[in-house]
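Chains as they are written, first to last, in this note's numbering: chain A, 596 to 709; chain B, 47 to 157.
Read the hints as simulated data drawn from the structure, not as lab findings.
One thing to keep in mind: the hints can contain errors.
Straight-line distance between alpha carbons at most 20 Å, and here's what the computed DMTMM-like set of lysine to aspartate or glutamate pairs gives [what the hints assert, rightly or not]:
no., chain 1, residue 1, chain 2, residue 2
1, A, Lys647, B, Asp124
2, A, Lys636, B, Asp124
3, B, Lys48, A, Asp633
4, A, Lys635, B, Glu91
5, A, Lys631, B, Asp129
6, A, Lys636, B, Glu103
7, A, Lys647, A, Asp680
8, B, Lys88, A, Glu619
9, A, Lys631, B, Glu49
10, A, Lys639, B, Glu49
11, A, Lys614, B, Asp73
12, A, Lys647, A, Asp613
13, A, Lys639, A, Glu653
14, A, Lys666, A, Asp680
15, A, Lys604, A, Asp625
16, A, Lys639, B, Asp129
17, A, Lys636, B, Glu61
18, B, Lys102, A, Asp633
19, A, Lys614, A, Glu697
20, A, Lys604, B, Asp129
21, B, Lys88, A, Glu697
22, A, Lys639, B, Glu91
23, A, Lys636, B, Glu51
24, A, Lys604, B, Glu49
25, B, Lys48, A, Glu653
26, B, Lys88, A, Glu653
27, A, Lys635, B, Asp73
Bear in mind that the values here come from a model prediction, so they are computed numbers and not experimental data.
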Amino acid sequence: DTAVSQTPKYLVTQMGNDKSIKCEQNLGHDTMYWYKQDSKKFLKIMFSYNNKELIINETVPNRFSPKSPDKAHLNLHINSLELGDSAVYFCASSQERQLNTEAFFGQGTRLTVV
Amino acid sequence: QKEVEQNSGPLSVPEGAIASLNCTYSDRGSQSFFWYRQYSGKSPELIMFIYSNGDKEDGRFTAQLNKASQYVSLLIRDSQPSDSATYLCAVKGTGRRALTFGSGTRLQVQP
């Protein structure tokens, strides 16, 4: 059983387009995240939702809009895509109240903007 | 100053040797510390977590934490070529924060 699944795995699109990435977790976790991993492998937090409430919103262009319809799903919509948005986007989930709040990651979505 | 710092490497060790990976963090109130392994093209997967000062052992892996020095390390004994990957140090800081990652250390184990 896949714990954190995100789709699509690969996404190639032209500049200016709008695209969405979907994420679902079946671990019963209350917190979900979007991370961006650049070409230098640096994983940077973008957003975090706890029980559908936005709790972390890092300095991210407002072209990026997360949406959490329920605590098992967290989607990422990106408007007016730019070349610099090319990266691997990881969804993750964790159980916030535990001290060892390990984050489980999805398989990643490699976004290429051309 | 970066919140979590790691040497990017590559760290090259011969098969069977001990690999030592280091990480420092800036938030003195940080509570939990994690080591993730990431193979090329794959997602990060947890190796170990630690939240008390001292050593924690799991198989060939030992995590060490020194909160006074704000330092975390991971030792891999009897390194295998399959251990070749990027190792990410992650820290959970104060408050309702996500894990903050270092930029990772690339480990190469030479057969």
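Hint by hint, which ones does this structure get wrong, listed from lowest number up? Going through the list in order, the structure violates hints 1, 2, 5, 6, 7, 11, 12, 14, 15, 16, 17, 18, 19, 20, 24, 26 and 27 and respects the others.
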